[in-house]
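A.B. asks: With chain A fixed as given, assemble chain B onto it according to the hints.
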Amino acid sequence: EPEVTQTPSHQVTQMGQEVILRCVPISNHLYFYWYRQILGQKVEFLVSFYNNEISEKSEIFDDQFSVERPDGSNFTLKIRSTKLEDSAMYFCASSEGGTYNSPLHFGNGTRLTVT
Amino acid sequence: AQSVTQLGSHVSVSEGALVLLRCNYSSSVPPYLFWYVQYPNQGLQLLLKYTTGATLVKGINGFEAEFKKSETSFHLTKPSAHMSDAAEYFCAVSDAGNTGKLIFGQGTTLQVKP
Numbered sequence: 001e002p003e004v005t006q007t008p009s010h011q012v013t014q015m016g017q018e019v020i021l022r023c024v025p026i027s028n029h030l031y032f033y034w035y036r037q038i039l040g041q042k043v044e045f046l047v048s049f050y051n052n053e054i055s056e057k058s059e060i061f062d063d064q065f066s067v068e069r070p071d072g073s074n075f076t077l078k079i080r081s082t083k084l085e086d087s088a089m090y091f092c093a094s095s096e097g098g099t100y101n102s103p104l105h106f107g108n109g110t111r112l113t114v115t
Numbered sequence: 116a117q118s119v120t121q122l123g124s125h126v127s128v129s130e131g132a133l134v135l136l137r138c139n140y141s142s143s144v145p146p147y148l149f150w151y152v153q154y155p156n157q158g159l160q161l162l163l164k165y166t167t168g169a170t171l172v173k174g175i176n177g178f179e180a181e182f183k184k185s186e187t188s189f190h191l192t193k194p195s196a197h198m199s200d201a202a203e204y205f206c207a208v209s210d211a212g213n214t215g216k217l218i219f220g221q222g223t224t225l226q227v228k229p
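So the sequence lines, in the order shown, correspond to chains A and B.
Per the working numbering, residue 1 is the first one in the first sequence, and the count goes up by one each step.
Per the working numbering, residue 116 is the first one in the second sequence, and the count goes up by one each step.
For reference, chain A alone in the conformation it holds in the complex (with noise of 0.2 angstroms):
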């Protein structure tokens, strides 16, 4: 069955540095979101992404936020200069045609660890 992948697992970076979480959602999915959980607390939604380009983001998703699907395959999260509040684990999910018409799928998430 398709799934999604998300490289890397684990990232460790210091305060102030950029960071790319990278994202290779379902091949014929549509829609694109990224989600972060940090420890202890919900899932929450940061972003959606729909015909190359932002549907809705959330207050969380300031302007150190950004998404980018470079070349049709990847989709991925940068954090321009991270904040130890951003430690937290980062979920890209995509679907086929948004939750009304299909689930969301998820990937393994990746664990960003700031120091």
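Please keep in mind that the hints were generated in silico from the structure rather than gathered at the bench.
Every value quoted in this text rests on a predicted model; they were computed, and no experiment measured them.
A couple of the hints might just be wrong.
Away from chain B, derived, C-beta distances all over 12 angstroms, residues of chain A [claimed, not checked]:
| hint | residue |
| --- | --- |
| 1 | Gln14 |
| 2 | Met15 |
| 3 | Glu18 |
| 4 | Arg22 |
| 5 | Asn28 |
| 6 | Lys42 |
| 7 | Asp62 |
| 8 | Ser66 |
| 9 | Gly72 |
| 10 | Ser73 |
| 11 | Arg80 |
| 12 | Ser81 |
| 13 | Thr115 |
Computed list of lysine to any residue pairs in SDA-like fashion (alpha-carbon distance at most 25 angstroms, straight line) [as the list claims (entries may be wrong)]:
| hint | chain 1 | residue 1 | chain 2 | residue 2 |
| --- | --- | --- | --- | --- |
| 14 | B | Lys164 | A | Ser102 |
| 15 | B | Lys183 | A | Ser102 |
| 16 | A | Lys42 | B | Gly131 |
| 17 | A | Lys42 | B | Lys183 |
| 18 | B | Lys164 | A | Lys83 |
| 19 | A | Lys42 | B | Glu181 |
| 20 | B | Lys164 | A | His29 |
| 21 | B | Lys173 | A | Glu1 |
| 22 | A | Lys42 | B | Tyr165 |
| 23 | B | Lys173 | A | Ser102 |
| 24 | A | Lys42 | B | Ala201 |
Chain A is nowhere near these chain B residues, computed Cβ spacing over 10 angstroms in every case [stated by the list, open to error]:
| hint | residue |
| --- | --- |
| 25 | Ala116 |
| 26 | Gly123 |
| 27 | Val128 |
| 28 | Ser129 |
| 29 | Glu130 |
| 30 | Leu133 |
| 31 | Lys173 |
| 32 | Ser188 |
| 33 | His190 |
| 34 | Ser195 |
| 35 | His197 |
| 36 | Lys228 |
No residue lacks a Cβ here, since even glycine has one placed at the ideal position from N, Cα and C.
C.D. replies: Same frame as chain A, now just chain B:
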């Protein structure tokens, strides 16, 4: 705005016992509701979903959930717990907008004792 509350961050049952994980939602529009499961070091996997129609929905691994509009609930049940059911379970509601995003509860960790 939509929201989800899961009652009980940790639930412990014995193997073979009934599993009941509680979820209440708030939604300004008819909700689309989901349960996801997360096994250690894995992503979120869809267990089941309610969109319209029959209010009792069956999912994978013997789980089912019942949508009760009057109680704004979508509790997850399984008649007989198995050791392999130990995981974290998330209830979610689909946002009323057209972006397809999900709004999650805080999750419930299910422990199954032998």
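A.B. asks: Evaluate each hint against the coordinates.
C.D. replies: Hints, one by one, checked against the model:
With a least beta-carbon separation of about 25 angstroms from chain B, glutamine 14(A) lies farther than 12 angstroms from that chain, consistent with its non-interface assignment. Separation of methionine 15(A) from chain B is adequate, the least Cβ-Cβ distance of about 26 angstroms exceeding the 12 angstroms criterion. No Cβ of chain B comes within 12 angstroms of the Cβ of glutamate 18(A); the nearest lies about 25 angstroms off, and the non-interface call holds. Arginine 22(A), annotated as away from the interface, keeps every beta carbon of chain B farther than 12 angstroms; the closest lies near 15 angstroms.
Look at asparagine 28(A): its CB is around 15 angstroms from the nearest CB on chain B, clear of 12 angstroms, so calling it non-interface holds up. The Cβ of lysine 42(A) does not lie farther than 12 angstroms from every Cβ of chain B; its closest approach is about 5 angstroms, which violates its non-interface assignment. At roughly 17 angstroms, the least C-beta separation between aspartate 62(A) and chain B is larger than 12 angstroms, which holds for a residue marked as non-interface. Residue placement check: serine 66(A) keeps its beta carbon more than 12 angstroms from all beta carbons of chain B (closest about 18 angstroms).
Its beta-carbon lying about 20 angstroms from the closest one in chain B, glycine 72(A) satisfies the requirement of being farther than 12 angstroms from that chain. At roughly 18 angstroms from the closest C-beta of chain B, the C-beta of serine 73(A) stays outside 12 angstroms, upholding its exclusion from the interface. Distance to chain B confirms arginine 80(A) as a non-interface residue, since its nearest Cβ pair spans about 23 angstroms, more than 12 angstroms. With a minimum CB-CB distance of about 26 angstroms to chain B, serine 81(A) clears the 12 angstroms threshold, and the non-interface call stands.
At the 12 angstroms boundary, the C-beta of threonine 115(A) stays outside the reach of chain B, the nearest C-beta of that chain being 21 angstroms off. For the hint pairing lysine 164(B) with serine 102(A), the CA-to-CA distance comes to about 10 angstroms; that is within 25 angstroms, so the pair holds. Of the pairs offered as hints, the one joining lysine 183(B) and serine 102(A) holds, with about 22 angstroms between alpha carbons and a cut-off of 25 angstroms not exceeded. Under the criterion of a C-alpha separation no larger than 25 angstroms, the hint pairing lysine 42(A) with glycine 131(B) is inconsistent with the structure, at around 29 angstroms.
For the hint linking lysine 42(A) to lysine 183(B), the alpha-carbon distance of about 23 angstroms falls within 25 angstroms, and the restraint holds. This hinted pair does not check out: lysine 164(B) and lysine 83(A) have alpha carbons roughly 36 angstroms apart, beyond 25 angstroms. Proximity of lysine 42(A) to glutamate 181(B) is assessed by CA-CA distance (about 23 angstroms); at most 25 angstroms being required, the pair is judged to hold. For the suggested pair lysine 164(B) and histidine 29(A), the alpha carbons sit about 19 angstroms apart, so the restraint of at most 25 angstroms is met.
For the proposed pair lysine 173(B) and glutamate 1(A), the alpha carbon gap of about 21 angstroms is at most 25 angstroms, so the pair holds. The straight-line distance between the Cα atoms of lysine 42(A) and tyrosine 165(B) is roughly 21 angstroms, inside the 25 angstroms bound, and the hint therefore holds. Pair hint lysine 173(B) plus serine 102(A) holds up; C-alpha atoms about 16 angstroms apart against a cutoff of 25 angstroms. Simply put, lysine 42(A) and alanine 201(B) have alpha-carbon atoms about 19 angstroms apart, close enough for the 25 angstroms limit, and the pair holds.
Distance check on alanine 116(B): its Cβ is at least 12 angstroms (rounded) from any Cβ of chain A, clearing the 10 angstroms threshold; non-interface status holds. Residue placement check: glycine 123(B) keeps its beta carbon more than 10 angstroms from all beta carbons of chain A (closest about 15 angstroms). No Cβ of chain A comes within 10 angstroms of the Cβ of valine 128(B); the nearest lies about 22 angstroms off, and the non-interface call holds. With a least CB separation of 26 angstroms from chain A, serine 129(B) remains clear of the 10 angstroms interface cut-off, as annotated.
Once the 10 angstroms rule is applied to beta carbons, glutamate 130(B) is consistent with being away from chain A; the minimum gap is 27 angstroms. No Cβ of chain A comes within 10 angstroms of the Cβ of leucine 133(B); the nearest lies about 26 angstroms off, and the non-interface call holds. Here lysine 173(B) stays apart from chain A, with its beta-carbon at least about 15 angstroms from theirs, past the 10 angstroms limit. With a minimum CB-CB distance of about 19 angstroms to chain A, serine 188(B) clears the 10 angstroms threshold, and the non-interface call stands.
Every CB of chain A lies more than 10 angstroms from the CB of histidine 190(B), the least distance being 19 angstroms, so the non-interface label holds. Consistency note on serine 195(B): stated as away from chain A, and its beta-carbon is indeed over 10 angstroms from all of that chain's, at 26 angstroms minimum. Distance to chain A confirms histidine 197(B) as a non-interface residue, since its nearest Cβ pair spans about 22 angstroms, more than 10 angstroms. Every CB of chain A lies more than 10 angstroms from the CB of lysine 228(B), the least distance being 23 angstroms, so the non-interface label holds.
The structure does not agree with the numbered hints 6, 16, 18 stated previously, though it agrees with the rest.
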